[in-house]
Structure formats: C-alpha cells, structure tokens
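If you read the protein sequences in the order shown, they are chains A and B.
Counting from 1, one number per residue, gives the positions in the first sequence under this note's numbering.
Counting from 1, one number per residue, gives the positions in the second sequence under this note's numbering.
Just so you know, these hints were derived from the structure itself, not from any lab.
Hints are supplied without guarantee of correctness; some may be wrong.
With a straight-line cut-off of 30 Å between C-alpha atoms, the simulated DSS-like cross-links for lysine-lysine are [stated by the list, open to error]:
(1) A:Lys81 x B:Lys18
(2) B:Lys22 x A:Lys81
(3) A:Lys81 x B:Lys107
(4) B:Lys442 x A:Lys81
Coverage of chain A stretches by chain B, computed from C-beta distances (three or more under 8 Å per stretch; other residues unrestricted) [to be verified]:
(5) 24-37
(6) 50-57
Glycine is no exception: its CB is placed at the ideal position from the N, C-alpha and C atoms.
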Amino acid sequence: MCESRNNTLEGRVRSRFAEVIGVSIEEVRPDANLFEVYHLDSVRALKLISDVEVEFDIDIEQEEARQIRTLNDLIDLIRAKGAEA
Amino acid sequence: MGRMLLTTVFRPFGVENKYNKKGDDLLLDYLASRLTREPGLFPLSSYVPHASLHLIAANLPMESRVLEYPSVEEYVEEVKRRYDLIGIGFTIKGFGKVAKMIALARKHAPATKVVLGGFGTALHDVEVLGADYVCRGEGVTFMRDLLGVPQGLEIVHPKVTADITLKIFQNYNLFGKETIGLITSGFGCPNACEFCCTSAYYGHRNVRFLKTGRDIYKVMRRLSRVGIHSFLIFEEDFMLYNDKVEDLGNAIEEHQGNPLSYACFASVMALSNYDFEELVAKGLGHVWIGVESVNASFSKRQGRDIGTIFAELRALGVTTTASSIFGLDHHTPEQLPREVDFLTELYPSTVQLSNLMPAVGTELRRRLEAEGRITAVGYKDADLYSEVIHHPAFKPGEIQTAIFDGYQRLYELMGPSVFRILDTWFAGYRNLRRSRNPSLRKRAELYASRSRAILPIFLKTSEYLPNNEVRYRVKRTLDEITGELGPPTAEQQEQAEVIRQVFAIEAGKRCDLYGEPIEPELAVCDYPSGPEGANMLQTVLEAR
Chain A
1 MCESRNNTLE GRVRSRFAEV IGVSIEEVRP DANLFEVYHL DSVRALKLIS DVEVEFDIDI
61 EQEEARQIRT LNDLIDLIRA KGAEA
Chain B
1 MGRMLLTTVF RPFGVENKYN KKGDDLLLDY LASRLTREPG LFPLSSYVPH ASLHLIAANL
61 PMESRVLEYP SVEEYVEEVK RRYDLIGIGF TIKGFGKVAK MIALARKHAP ATKVVLGGFG
121 TALHDVEVLG ADYVCRGEGV TFMRDLLGVP QGLEIVHPKV TADITLKIFQ NYNLFGKETI
181 GLITSGFGCP NACEFCCTSA YYGHRNVRFL KTGRDIYKVM RRLSRVGIHS FLIFEEDFML
241 YNDKVEDLGN AIEEHQGNPL SYACFASVMA LSNYDFEELV AKGLGHVWIG VESVNASFSK
301 RQGRDIGTIF AELRALGVTT TASSIFGLDH HTPEQLPREV DFLTELYPST VQLSNLMPAV
361 GTELRRRLEA EGRITAVGYK DADLYSEVIH HPAFKPGEIQ TAIFDGYQRL YELMGPSVFR
421 ILDTWFAGYR NLRRSRNPSL RKRAELYASR SRAILPIFLK TSEYLPNNEV RYRVKRTLDE
481 ITGELGPPTA EQQEQAEVIR QVFAIEAGKR CDLYGEPIEP ELAVCDYPSG PEGANMLQTV
541 LEAR
C-alpha cells in the first residue's frame, strides 16, 4: 500500500521532500508550512525545486517557487503545469 | 580506469531567469566586462577557458572529456553516455544550475558519481545538493587521491589559451587575434587580505601547482613551438616567490627564438623587492597590481611609493592593470571620485573597478555578517558588479552607479585602454632601444613590433575617441611613433581603412557594447587516458 501511494504524484513529491529534509516519509504532512514546520532553508528549497523539475520534466520559475508554502502548493503547481504521476 | 566528464555550468548566461541576471553573459568576457570595461568602441575582448577542468583532465589516467558552456540539452546528451564520474566546476553564481545538473545526472545516469569543485564549494551546506564528493581546494590532488592515483606523478600542464581582440572585431574574420597561453602556477595567497576569496579558499597559504620557474618555462617553451609567446601566469602575488621568478626569468633570458613575455599578479609589497629593469629583461610584460584604494591599509600595499612603481613600469614598457574596490569602510560619496583621480594619476593600461564583495569563507564576510551589513541576495548576485552589502554612507545603488561613472570618467580622462597599451609599449621602446643590456634592447624591438601591429587601430578612428583632449594625445603619440618607426606602410593604411569601416558599421548598430547578449558556444575537448597522451591528443571538437 505504501509503495502504491509513493507512485502517485503526491507520494513522489512527499518522498522527494523527505529525502531533501532527511525525515521519514510518514513525517511529511502535505499541508504543513515547509519553512515553519520543517525549517526548509534556501539551499534545500533549491534542491527540492531542481529535483521536482527534473522528475516531472517541468520548469518552475523563481516567482512561482516563492509562492510555495506547503507541499500541496507544490503539488498543485506541478499539476497546473500538466505533469501527472 | 573508466571515463570522466568535466563540465562548467550550463548556458545561457545572458537571459534574465532564476539562474542569471540580464548581462551576465558579459561577465564571461574577462576583458570587456572588467579590465577594459569602458564605453565606446575600443574595449578588448577575451574569453578565458575554465583552466581547472583541463588541468584535472590532463593529469588523470582516464579518458576524459571537458565541456565548457553546454546547453541543458547538450549536457543531458553527454550525461547519457554513462560516464563513471562527472565533475562540475562552479562559482557561487552557478549554484542554482549545479543543483539542476546533479538532478539531471541522477535521472539519466544513476550509477555515475558526481563531484563538485570550484569556489562555489565555499558555500555552507553544499553537500545538501547531493553530490557524491565535494572538492574544496586544489582539484588535481583531490582527484588523484579520490581515484587512487599516486601523487608523485609529474604534473602535465595542458595547452590552455585565450584570444584577445577588440570586442567589435569579434564578428569579422578580417583581423588576427593575439593568442596568449594561460599557465596555472599556484593557488592561494598568504597576504590574507580580508576580502580575498582566493586567499581564504586555500587557507591563507600558497599552494604550488608548478613547483619551479623552470616548470613554468617548460610550458612556455612547448607553447612557443606553436607560435604562442605571451603568457598569463595564474598565481596570486607571483612576485612573492623569488625563487620561481628568478628561475623563470633566467630561462626566458636564455630562450632562443622569439622573445617570451609573461603577465602576472603582484603586490606593491612584493614588487618593491625587485629591480624592474632586470624583471623586464627577463620577460615581465604585464602586471596586475591591487591598488584597492588611495588609503588602502592592506599589508600588501606597504613598500615603495605606488605612483613611482606604476611610472617606472610604464617607462620600461610594462603594461599594467590597477584594480580598486568601491565600498570599503572608509569610503564616502565624496571620496569615490578621488579614487578615480588617483587611478588616473597612476595611468594604468587597464583598470578594474568593483564592488566590495564579501565572498563566502572570507574574513570580510564574517565581519559584515556580524555587523548585519549583508543584504539579502540570491546566488546570482555573486559577482563584482552587484551590490550585496549595506554601507552606512551610501544609499542602495549609489556605489554601483559610482563604479560605472568611474569607468566612464577614466575613459574620458585617459582614453581607451588599448591606446594606453600602445602608449606604454612605445614608451618602453624609446627608453630601452639604446640600453647597454642586450636583453633590454631585444625587449625594445618587441615593443616596436607590437606598436606597429596595433597602430592601424588609431590611424582613422579619431572621431570615435571620447573628446578632443584624448584625440590630441592620441595624435601626438601616433606622430611620435611614426616619427620613430617610420610612416605607416601601405598594408597598415589598408588595415586602417578596413578598421574605419568596421567602426562606422558598429557605431551605427549600437551606442554601446553591452546591449546584445553574446552567449558562448559549446566547447568540447577530449583527453585520452593517461597524462602522457594529454599533450599529444588534445582535440577541440568545436571552438567557442
């Protein structure tokens, strides 16, 4: 079940984020504020955005990245760019 | 052993996006963006290769390919060839691109190991980007250690060159370019000026790459066989190392064939220990001196009077670069024009003006962070012309404006850099042609030959000079040169006419040189496996 969930767009983004932050995927809440809850800094944010761009073959502009507060925001942005799991 | 890819970050550079600011492409042009950054049509141009990547490739016993300035697509195509190792050299400015390049490598070649190197690795948390290895310091030693290559192997210095021409000549195949050899002799600096990222990166000490002056000469001799006789030596404050300077000078003086000359970086402190005539007789042709400020208190400025040093070098035909920093603690808006006046008094051939840049890892960075003076900026602002600190005496943007105004004023007061170079060579010719020292007379002949070569640039371009004062000085110098060396030949007159036409075309196309982005093209260079082969089989598949 866990494996199946990870193949969804949401699962893949959570997995990426968990890797970047260094926590288990179970600890990642898509609605949590990335900066306040997980203390996401600029270097890790850069890695997350780069990894997501490559994984989903999309381009995220600086201004779009600045608007992201939660993983749900990022997932919505990926969907808006036409990428699917 | 396997295969290795060494690469710079990807282009484009001149497009405003999350990686670059508009105009960043210009920063790749070492001369046009920095040392001859002047208005008008006379700036020089030179794109300098990423020597560090070539040095590593030439010194490892594995098949290596060096990529410079690939597009993302070109980089991905290369990554798909499944190298054993990918090395990415980057500065802080390229940090965002490196993150993307690692992600692409992981996707397209998951088994390939990734190594990061270059000044960008001074950044905190660079490991977060997920490379397998991070090289902080000298790359050849690091890579030899990593791959289990014995450190005692001789260092092979590959052929690394750069072409110099007027920037406006770039699009015309009518003019020859001066090719210079770039020789990496050492890293780091013990002077430990608080702003210096090179010194900080190597722990405020000198790391010798080429051990002796003879080692440097061997590289020169090899390149002289393919027609390269001028060299730029990369080693901070080269004149600190008397043994190297002496050793190299003696070898140059004994050299048979076309005279060899070199450019280097040197401080007032180190230069103060030398007899300049002896240095010139032994090949010194250009020196970059960190002036920093009229009131600089750095230890490297101790020694002989700086004005006398510049004057004596010019009298001996040695061209100079003077670099100054705007935004030092003692600066006020009233003082910055004084800095420009001071540089004008020194009459250097070329000038670099830059913002005070608190690079990561420097004492300056630590101090300004403690004082709360680092303004929030992104990686793409990490260059000499971005304002990244708060200075209590200036409003935001004022220092940057003063820098660009400074370049303009220097141009109006002293004329084009290329004219000052001509003027200096001719002064050297006049002062040395009757020297009792045969080596100095040989230098005088070299200066005469160089003066003749660039004379045509000024024969019919008077209208493009900044003002009547400069026109008068250029005319006076031309009269003196033709009086001494003879009137322009028919060939020089023809060249001058072609140059006049190019100036007219370019003047009509743009009011300055910095409007149109110029992206570098992909350059690929293959090194066969083994250091010995590097000398023989350096193949440039596509030149920039």
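Legend entry - Index of numbered hints that the structure contradicts, given in increasing order: 4 and 5
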